[in-house]
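Heads up: the protein sequence lines correspond to chains D and E, in order. Going by our numbering, the first sequence opens with residue 1, and the numbers climb by one from there. Going by our numbering, the second sequence opens with residue 1, and the numbers climb by one from there.
Hints in this document: simulated from the structure, not taken from any laboratory. Glycine is no exception: its CB is placed at the ideal position from the N, C-alpha and C atoms. A hint or two may mislead.
Short derived list, chain E residues pointing at chain D, Cβ under 10 Å [stated by the list, open to error]: (1) His12; (2) Ile30; (3) Lys40; (4) Leu79; (5) Leu89; (6) Val104; (7) Leu128; (8) Gly162; (9) Ala213; (10) His215; (11) Gln228; (12) Glu236; (13) Gly238; (14) Ile239; (15) Met328; (16) Pro331.
Calculated cross-link-like contacts (lysine-lysine; reagent style DSS-like; alpha-carbon spacing at most 25 Å) [stated by the list, open to error]: (17) E:Lys353 <-> E:Lys272; (18) E:Lys93 <-> D:Lys85; (19) D:Lys156 <-> E:Lys235; (20) E:Lys74 <-> D:Lys85; (21) E:Lys101 <-> D:Lys94; (22) E:Lys235 <-> D:Lys161; (23) E:Lys305 <-> D:Lys200; (24) E:Lys272 <-> E:Lys74; (25) D:Lys53 <-> D:Lys42; (26) D:Lys50 <-> D:Lys94; (27) E:Lys93 <-> E:Lys105; (28) D:Lys85 <-> E:Lys105; (29) D:Lys75 <-> D:Lys156; (30) D:Lys94 <-> D:Lys156; (31) E:Lys40 <-> E:Lys105; (32) E:Lys101 <-> D:Lys85; (33) E:Lys74 <-> D:Lys156; (34) E:Lys101 <-> D:Lys156; (35) E:Lys305 <-> D:Lys156; (36) D:Lys50 <-> D:Lys176; (37) E:Lys353 <-> D:Lys75; (38) E:Lys272 <-> E:Lys315; (39) E:Lys352 <-> E:Lys272; (40) D:Lys176 <-> E:Lys93.
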Amino acid sequence: MDRPLYISHYSKIENGRISVDGNAIFHTDEAQFFAFIKQAFKNQQIDYSKFYKMDNLSKLAFLAAEVLLNEEEDKEDIALVLSNKSASLDTDVKYQGSIQDAANFFPSPAVFVYTLANICGGEIGIRHGMKSEHVFFVSDEFDAVTIFNYATYLIKSLKAKKVLCGWVELFEENYKAVLYLVEERGTALHTTDTINKLVKN
Amino acid sequence: MNCVTPLGLDLHSNWIALLEENTGIDMHTIGYFENIYTAKIKNLPTVRSDLTYLETMLYLALEPLVKLKNLDTKTGFILSTTKGNIDFLSEGKSEEAQLNKLAVKLAHLFGFITQPIVISHACVSGLLAVSVAKRLIQMGQFDEVFVLAGDKVSEFVLSGFGAFQAMSANPCKPFDLNRDGVTLGEAAGAILVTKSDENALVEIVGEGAINDANHISGPSRTGEGLYQSISSALKEAGIAASAIDFISAHGTATPYNDEMEAIAFSRLGMHKIPINSLKGYYGHTLGASGLLELIISIQSLQNNKLLPTKGFNLKGTSKDVNIVTQAMDIPLTYILKTASGFGGSNCAAILKKMNG
């Protein structure tokens with residue numbers, strides 16, 4: 001029960017930049033999120049057409065997970081603990097536009113499904129075959145204590161072998177994703193301090 | 001524990017209405033939607049002028065529990081909701097619709113010292129919130145956690161389920177041959193999860209929340225995630241599937257969901273265990289449903305009484321399941337509550353009666 005846990009790898013997407021374990025793997029000056037994420041996706045040469053149907057939050061979360069997990073094996077037992085501030089509000093606002101007035105009432109099921117915060121986690125789960133524990137938290141700022149305890153619980157209770165944790169926030173043009181993998185081996189000790197610095201810096 | 005629903009503004013009135021087999025589903029007109037069946041609260045009182053409709057529901061559910069307690073640094077507060085104050089979007093107030101804003105407002109109102117935790121995980125939110133409470137207590141983060149769940153009937157959600165063609169034209173018929181979709185409802189539920197067994201009604205002996213990793217808007221055809229969630233809960237509880245006395249299913253009355261559940265229960269050899277769905281009384285109350293139905297199931301456990309599945313008439317799944325069709329008095333020790341939702345989410349919790 002007392003053996004320490006570690007962070008083995010992490011990824012970040014912010015300001016047109018994608019990095020893995022602190023090393024930049026893609027950068028563009030493209031200011032618009034939509035154009036940036038499309039370029040980044042093409043740059044990674046990922047063959048996955050479902051990406052284009054996703055909403056912006058899912059695209060962000062998907063790509064952050066993709067660059068982190070593409071070398072991982074046995075992904076079925078990796079749990080997923082995601083959090084953000086705005087839940088699915090970005091898509092909620094877009095969907096509201098389709099039902100705002102009676103004369104222009106065109107609700108789309110393909111948009112509506114993304115008006116739930118946890119769908120981006122579902123997309124990651126489908127891509128990587130993560131038939132595992134999933135949860136989505138919403139908080140104003142990254143809640144390091146809760147996320148730390150939750151991830152630790154999942155591994156110590158043997159409900160997961162590894163846990164993919166982090167922050168995937170997107171509202172309009174403001175976006176930031178930081179994902180990290182918690183497991184029994186790694187370089188940085190899994191503590192609330194470590195994850196706070198990782199996510200908030 | 002307590003709840004606020006179309007059947008009553010507290011748990012006692014809900015239980016009385018359920019024993020009389022009353023339904024909260026009725027014909028309503030909501031915005032563009034004329035004369036549709038929903039389970040909407042009638043005559044919700046105004047308790048404070050600064051609360052929205054949903055906040056009033058949530059306040060009424062939690063207030064009786066909180067007022068008896070001393071809230072300190074080891075008291076947690078978890079809010080479960082899918083859409084929160086979503087109606088603000090029609091007024092262009094996106095900041096007001098933030099889920100965390102709702103949680104912080106309620107936390108201040110009740111005087112919680114710790115930061116609120118919000119779970120927004122589609123239709124498993126309410127049940128998953130109880131799992132999260134238990135897990136964080138096990139980790140020592142809290143000694144007790146107030147779990148509050150709520151969602152209201154909104155044009156936003158009605159239009160979405162309508163666009164999916166997932167809404168029934170009639171009051172929903174869970175597990176029935178002629179089921180054709182959900183009836184949406186609104187409710188709030190509140191429960192106190194604590195590490196102390198003093199005065200406890202039940203012990204949470206096992207739980208799990210495993211994703212299907214299959215499809216974002218449809219359940220797995222094999223019920224894999226639900227199967228694994230229940231298996232995980234059974235393993236933690238250290239009991240066999242056959243030890244479960246009653247299952248409170250999700251039972252939304254969509255063709256795919258109920259079929260998926262029947263397959264998962266059948267794969268676990270649970271087809272002879274009495275099962276009900278409460279959606280015929282409350283409709284699908286989204287982020288509240290898992291918690292509301294857990295609360296009613298605990299009430300069943302306490303009273304050794306099973307409620308019939310309102311709306312069910314004819315067997316309508318490829319695998320046999322033992323749907324409760326009339327009220328039954330039966331000794332109960334272990335019950336299983338399950339939920340499933342968009343994003344491939346599933347959740348299962350096993351409760352054991354205390355001193356039972």
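Structure-based check of each hint:
About 32 Å separates the beta-carbon of histidine 12 of chain E from the nearest beta-carbon of chain D, more than 10 Å, and the hint is not met. The restraint placing isoleucine 30 of chain E at the interface with chain D is violated, with a minimum CB-CB distance near 12 Å, outside the 10 Å limit. Contact between lysine 40 of chain E and chain D, as hinted, is not supported at the beta carbon level, the nearest pair being about 19 Å apart and thus beyond 10 Å. Hint status for leucine 79 of chain E: holds, given a least beta-carbon distance of 9 Å to chain D, under 10 Å.
Evaluation of the leucine 89 of chain E hint against chain D yields a held restraint, the C-beta minimum of about 4 Å falling below 10 Å. Annotation: interface hint on valine 104 of chain E holds; nearest CB of chain D at approximately 7 Å, less than 10 Å. Contact between leucine 128 of chain E and chain D, as hinted, is supported at the beta carbon level, the nearest pair being about 6 Å apart and thus within 10 Å. The criterion of a C-beta within 10 Å of any C-beta in chain D is met by glycine 162 of chain E, whose closest approach is roughly 7 Å, and the hint holds.
Below 10 Å, beta-carbon pairs count as interface contacts, and alanine 213 of chain E has one with chain D at about 4 Å; its hint therefore holds. Hint on histidine 215 of chain E holds. Least Cβ distance to chain D is approximately 7 Å, under the 10 Å limit. Because the smallest distance between the Cβ of glutamine 228 of chain E and any Cβ of chain D comes to about 6 Å, under 10 Å, the interface hint for this residue holds. A hinted interface residue such as glutamate 236 of chain E counts as satisfied when its beta carbon comes closer than 10 Å to some beta carbon of chain D; here the least separation is about 7 Å, so the hint holds.
Taking 10 Å as the C-beta cut-off, the interface hint given for glycine 238 of chain E is violated, the closest approach to chain D being about 13 Å. Because the beta carbon of isoleucine 239 of chain E sits about 17 Å from the nearest beta carbon in chain D, more than 10 Å, this interface hint is broken. Checking methionine 328 of chain E against chain D by beta carbon gives a least distance of about 34 Å; that is not within 10 Å, so the hint is violated. Here the hint on proline 331 of chain E is broken, as its CB sits about 31 Å from the closest CB of chain D, past 10 Å.
Under the criterion of a C-alpha separation no larger than 25 Å, the hint pairing lysine 353 of chain E with lysine 272 of chain E is consistent with the structure, at around 21 Å. Of the supplied pair hints, the one linking lysine 93 of chain E and lysine 85 of chain D holds, its CA atoms being roughly 16 Å apart against a limit of 25 Å. The suggested pairing of lysine 156 of chain D with lysine 235 of chain E holds, with an alpha-carbon distance near 15 Å, which does not exceed 25 Å. Between the alpha carbons of lysine 74 of chain E and lysine 85 of chain D the distance comes to roughly 24 Å, so the proposed pair stays at or under 25 Å and holds.
Restraint check: the Cα-Cα separation between lysine 101 of chain E and lysine 94 of chain D comes to about 20 Å, which is no more than 25 Å; the hinted pair holds. Among the hinted pairs, lysine 235 of chain E with lysine 161 of chain D is consistent with the structure: their alpha-carbon atoms are about 16 Å apart, no more than 25 Å. Between lysine 305 of chain E and lysine 200 of chain D, the direct Cα distance comes to roughly 51 Å. Violation of the 25 Å bound is thereby established for this hinted pair. The hinted pair formed by lysine 272 of chain E and lysine 74 of chain E fails the criterion: a straight-line CA distance of about 42 Å is larger than 25 Å.
The hinted pair formed by lysine 53 of chain D and lysine 42 of chain D meets the criterion: a straight-line CA distance of about 15 Å does not exceed 25 Å. About 20 Å separates the Cα atoms of lysine 50 of chain D and lysine 94 of chain D, which keeps this hinted pair within 25 Å; it holds. For a cut-off of 25 Å, the pair hint linking lysine 93 of chain E to lysine 105 of chain E stands: about 16 Å separates their Cα positions. About 15 Å separates the Cα atoms of lysine 85 of chain D and lysine 105 of chain E, which keeps this hinted pair within 25 Å; it holds.
At most 25 Å may separate the alpha-carbon atoms for a hinted pair to count; lysine 75 of chain D and lysine 156 of chain D meet this at roughly 18 Å. Between the alpha carbons of lysine 94 of chain D and lysine 156 of chain D the distance comes to roughly 41 Å, so the proposed pair goes past 25 Å and is violated. Pair hint lysine 40 of chain E plus lysine 105 of chain E holds up; C-alpha atoms about 24 Å apart against a cutoff of 25 Å. Under the criterion of a C-alpha separation no larger than 25 Å, the hint pairing lysine 101 of chain E with lysine 85 of chain D is consistent with the structure, at around 10 Å.
Restraint check: the Cα-Cα separation between lysine 74 of chain E and lysine 156 of chain D comes to about 22 Å, which is no more than 25 Å; the hinted pair holds. Annotation: proposed proximity of lysine 101 of chain E to lysine 156 of chain D is violated, straight-line Cα distance about 33 Å (limit 25 Å). A distance of roughly 37 Å separates the Cα atoms of lysine 305 of chain E and lysine 156 of chain D; the hinted pair therefore is violated under the 25 Å criterion. With a CA separation close to 22 Å, the supplied pair lysine 50 of chain D and lysine 176 of chain D stays within the 25 Å bound.
Pair hint lysine 353 of chain E plus lysine 75 of chain D does not hold up; C-alpha atoms about 37 Å apart against a cutoff of 25 Å. Among the hinted pairs, lysine 272 of chain E with lysine 315 of chain E is consistent with the structure: their alpha-carbon atoms are about 14 Å apart, no more than 25 Å. Among the hinted pairs, lysine 352 of chain E with lysine 272 of chain E is consistent with the structure: their alpha-carbon atoms are about 19 Å apart, no more than 25 Å. Restraint check: the Cα-Cα separation between lysine 176 of chain D and lysine 93 of chain E comes to about 23 Å, which is no more than 25 Å; the hinted pair holds.
The structure is inconsistent with the numbered hints 1, 2, 3, 13, 14, 15, 16, 23, 24, 30, 34, 35, 37, although it conforms to all the rest.
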